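Colleague: Based on these hints, arrange chain B on the given structure of chain G.
There are 2 protein chains.
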Amino acid sequence: MSLIQRLRDSVGDAAVLTDPDATEGYARDMMPLAPAGRPLAVVLPADTAEVQACVRACAEADVPVVPRGAGSGLTGGANAVDGCVLLVTTRMDRILELDADNRLAVVQPGVVNRTLRDAAAAHSLFYPPDPSSLEWCTLGGNLATDAGGLCCGKYGVTSDAVFGLEVVLADGSLLTTGRRTVKGVAGYDLTRLFVGSEGTLGIITEATLKLRPLPAAPGTIVAAFDSVERAGEAVNRVVRAGLMPSLMEIMDATSLRASAEFLRADLGAGDSSALLLCQSDAGGEPASAELDAMERLFKDTGAQWTHATTDPAEGGLLLRARRVSLPALEARGACMTEDVAVPRTRIAELMAGCERIGAQAGLTVAVVGHAGDGNMHPTVLYDGASAEQYARARGAFDAILALALSLGGTVTGEHGVGKLKTEWLERELGPVSMRVHRQLKDALDPAGLFNPGALFARRRPAGGRTP
Amino acid sequence: MSLIQRLRDSVGDAAVLTDPDATEGYARDMMPLAPAGRPLAVVLPADTAEVQACVRACAEADVPVVPRGAGSGLTGGANAVDGCVLLVTTRMDRILELDADNRLAVVQPGVVNRTLRDAAAAHSLFYPPDPSSLEWCTLGGNLATDAGGLCCGKYGVTSDAVFGLEVVLADGSLLTTGRRTVKGVAGYDLTRLFVGSEGTLGIITEATLKLRPLPAAPGTIVAAFDSVERAGEAVNRVVRAGLMPSLMEIMDATSLRASAEFLRADLGAGDSSALLLCQSDAGGEPASAELDAMERLFKDTGAQWTHATTDPAEGGLLLRARRVSLPALEARGACMTEDVAVPRTRIAELMAGCERIGAQAGLTVAVVGHAGDGNMHPTVLYDGASAEQYARARGAFDAILALALSLGGTVTGEHGVGKLKTEWLERELGPVSMRVHRQLKDALDPAGLFNPGALFARRRPAGGRTP
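Each protein sequence line maps, in turn, to chains G and B. Just so we're aligned: the first sequence equals residues 1 to 467 in the UniProt record's numbering. Just so we're aligned: the second sequence equals residues 1 to 467 in the UniProt record's numbering.
There's no promise every hint is true.
[As the list claims (entries may be wrong)] The calculated lysine-lysine pairs, modelled on DSS-like cross-linking and capped at a C-alpha distance of 30 Å, are: (1) 154(G) / 299(G); (2) 299(G) / 210(B); (3) 299(B) / 210(B); (4) 154(G) / 210(G); (5) 299(G) / 299(B); (6) 210(G) / 210(B); (7) 154(B) / 210(G); (8) 154(B) / 299(B); (9) 299(B) / 210(G); (10) 154(G) / 210(B).
The set of hints was computed from the structure by calculation and includes no laboratory data. A quick note: this is a predicted structure, and the numbers were derived from the prediction, not measured.
Chain G on its own, in the form it takes in the complex:
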C-alpha cells in the first residue's frame, strides 16, 4: 500500500491533502528568510492514535515528518522539507480538563494560546506565556519552541509552566512525561527535554500546564530618555532596587517614530532616543508603590518625562505603541527581525551596537525588546525589491547575532533555531554541546524522521545516521 493510502486509512481521506494548491499554504511559517521545501502531503490527525498511525506509516516509508501548529513561528521551524509529510495539529484543539483546585489544565496541542487564557480567566486563573501571536498561535507550537512573551521577566516562559507531556516517539510509541503534582523528581526531566526541542524528538499530543492566580489589572508607567544608555541604566536601577515589574519593554527612536506614524498618534516622544514601558500587576497599594518607585528611579536617571496611570484602558493604549511596532516597521519596507537575548545589564550596549551595525550597512536597524529579561528584537529594514540591499541586510542580521554572543548573550531568546540559525547554534554551543545534542537526537530518533534540517544543519553522510 502506498504511504498516501496508509495515511488516508489512518486519518480519513478529507484529512490528507496532496494537491499542491492546498499544501502550499502549510509549507512555510512567518519567517521568509528560512528555507522551505515542497511537502508530499499534509495530514491533519484528530487524536493521538491518528498521530501514532501517521508516524508509524512515515517511519516505515522512510518519509520525514514535520510537525506544525498554526504556522506563527519565526524561524522556519515548521517549514516543509522536500517530500515530507507535514503533520498539522490544529484539529486537536480541545481543553481536556481545567482543574482549578490543582491549578492545572490538560490541553491538546492545537488549542490556541488565547483560548486557554480565556478559559483560565473564567476560573480567576492565569496561563502566563504570552507570545505576540497569542491570538492565533497554538500551545503545541509554544511548547515545541519554549515560547516566551512580554511577561517572562516576572512569570517565566513556557517551560516554566508545564507539568507534563504526552509525546509520540519516532517508532510510534506513546511517552508520558512529568506528573500532575507541583513537586516531583522521579527520573530525568523528560518534559523539559521535549519542550523547546522544535519537533526534532517527538510530536507533543497532550500537555498538562501550570496555571497561577490571575493577577490584578496592571498599572502602567512610560518614561522617555534622551539616550539608550540612560534607558539601559534605568532598567538596571529597577532590577537593583528589587522591583519585579510584570512587563518592562524598551523601544528605540526609529520604532517610536514608526509606531507614532502607524497609529497616527503623537506618542510625545518626538526627540527621545528611547522609551521604557513598564507595568505592575501587584494590585492596589503595592502596585501604586511599585509604579511610584519606578517613576522616582526614572526621574533620578534623567528621564525627559514620565507618565503613570492605573487606568487599564489607558495602559493598554500606551502599550499599543509597543504591540504594533513590527507591523509599523513593515509598513516602511521589508524587515528582518532578530531575537537575541543578552544579560539585562548589556541592553544599552546591544542597542548602540545595532545602531553602529546599521550605519555600517547603510541600513536602518530599529530595536524593540523585552528589557525586563534582556530579549531584544532588532529589526533590519531594507528594500525588498533590491537583491543588493537584501545581501547587506543579511550581513547586518549576522553581525547582530555575533554582537549578542560577544556580549555574553544568545542567538535566540524565544523564537528558536528552526531552519534559520542552525549554523549560529553550532557557533553558540560549541563542539561538545553539539555532540551531546546529536547523541540525544540519535538516541530518540535514530533514523532522523522528525523535522530534518531544524536545529541541526542538514547533512546526510553516506550510510550515516541523522541528521
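Modeller: Just chain B now, with coordinates in the frame of chain G:
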C-alpha cells in the same frame, strides 16, 4: 600505572583516601534503607580539571565513579558501590561570582546552600530552594537531586533556579549548558536534563544560579483542626482563593505530640488531629491581608483555633515545631521517612490512608508535609532492634508508595530515586519512559561509568551495556 597512582597524580596524595577507616565515612548518605558498598577510594578534587582527570582515569580503568556532596541525601543516591571511586566535591566550595545586577551567582558544587543564601542576602537577594538540610547540604547535591524545600509552592524547586551548568562527561570532556540570560532557547534544555539526574549522566562542576529579590520577613499563621479532612479542605480553600502563601506546612497528631514532647512545649494542639502552619512574605499591608484572608478561610472551615503573628521571631518559634518533627520522631524510635507527592487536593486522602496503613501494619505512621505543594513525608515508626518490625515497616513504606501512585502522585517529590526506589521508578514511569531513560543514559554514558545502581536497577546482561 595503577588507578590509585593515576588518581594521586591527578589530585595530589592527600586528596586520595584508600584506608577503609577513612573511606567508610563517605560510603553512605543519611538513608539507612538504601544499599551501600565499599569504595576502592575516595577522591577530593580541587577544581574542574582535577575532576576531568579523575573521570578519565576511572573510565580507562573501567571503575565506576559515584559523585557525592555533603552526604545529606535521603535515597542512597551518593552511596558507594563495591570497588567504585567516590568523587567528593566538597573542596570545590567557592562562590565564583555574585552578579547582583543580573541577579545570578556562579558557584562551585561544594558550596553549602546556606553559604549562598547568606551571600545573596548581603545583596538583598534570595536563592529560594531550601531543603531542610540547608545548613550543610551542598548545591551540587541540590542540583543532582533537583532539591525542593519549604518555599517551593511559591518559588519553585532547584530546576527553576538554574541558568546553566558546567558538567564533566563520561569521556572527561567538559560540557557547558544554558546561559546567563533570563531567556534563551538555543538547543535542547540540557541544563534541566542534568539537574535531577542524580549523578548518572555527568558530574556538575559549576552552576549559574538565578537569584530573586529578597522577600520581606514573613508573617505566620497557625490553625488547628479536629480532622485531617478539614485541614485538607482548608488547604484547598487557600488555593481556590488565589492566595500564594510563601510556606504552607501540615502536621498530623502524632508529629504534633512528638514535637511538643521534644521541645518540652505546649503547642496548644492537645486534642487536634492536624495543624496547618502558613506564612506570607508579601510584606506590610499585603502580608497582613494575606494572613487575614487565610485566618478567615481557616475559621470558615471549622478550625479549632487560629493564631497569627507578624513578629518574625514568634513565627520562627512556631515553625520550629515543624522543623524538629523528624528528630522528634527519631527520639521515639527508628524511622522510615517517605517523600511522596500528590495533587494538593488529595492530601487528606493520603493522610487518612497512611493512618490506615499504619493500623494494618500495627505501627504508627506520622505525617508531616509541604501542604502547599502536596509533597508529604509520612514516617513509619518501628523498633530498630526488631527484624520482624523492620519487615512490617518496609511493607508499610511500600504501601504508602502504592497509595501515592493510586492518588495520581509520585514516589518522590524532592528526595529522588537514588538506590532506594529504582523498582518504584519503573512502576511509576512504565516501560516506554524507562526505555527512553535508558536510551538517554546509554547515549551519554555508554559504559555505565557514573553512579551505577542509582535510578536504574542494577543488572549487567552478558556483554550488555549499562546500567
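Colleague: Do the alpha carbons of residue 154(B) and residue 210(G) lie within 30 Å of each other, as the hint requires?
Modeller: Holds, because 13 Å separates the two Cα atoms, which is no more than 30 Å.
Colleague: Between residue 154(G) and residue 299(G), is the straight-line Cα distance small enough, at 30 Å or below?
Modeller: holds, 23 Å
Colleague: Hinted pair, alpha-carbon criterion (30 Å max): residue 210(G), residue 210(B). Please report holds or violated.
Modeller: Holds, at roughly 20 Å.
Colleague: Holds or violated: are the alpha carbons of residue 299(G) and residue 210(B) at most 30 Å from each other?
Modeller: Holds, because 29 Å separates the two Cα atoms, which is no more than 30 Å.
Colleague: Keeping to a limit of 30 Å between CA atoms, is the pair of residue 299(B) and residue 210(B) held or broken?
Modeller: Status violated; Cα separation ~38 Å.
Colleague: Is the Cα-Cα distance between residue 154(B) and residue 299(B) 30 Å or less?
Modeller: holds, 23 Å
Colleague: Check the hint pairing residue 154(G) with residue 210(G) against an upper bound of 30 Å on the C-alpha distance.
Modeller: holds, 15 Å
Colleague: With a cut-off of 30 Å on the C-alpha distance, tell me whether residue 299(G) and residue 299(B) pass.
Modeller: violated, 47 Å
Colleague: Can you confirm whether the C-alpha distance between residue 299(B) and residue 210(G) stays at or below 30 Å?
Modeller: holds, 29 Å
Colleague: Are the Cα positions of residue 154(G) and residue 210(B) separated by 30 Å at most?
Modeller: Holds, at about 13 Å.
In summary, the numbered hints that this structure violates are 3 and 5.
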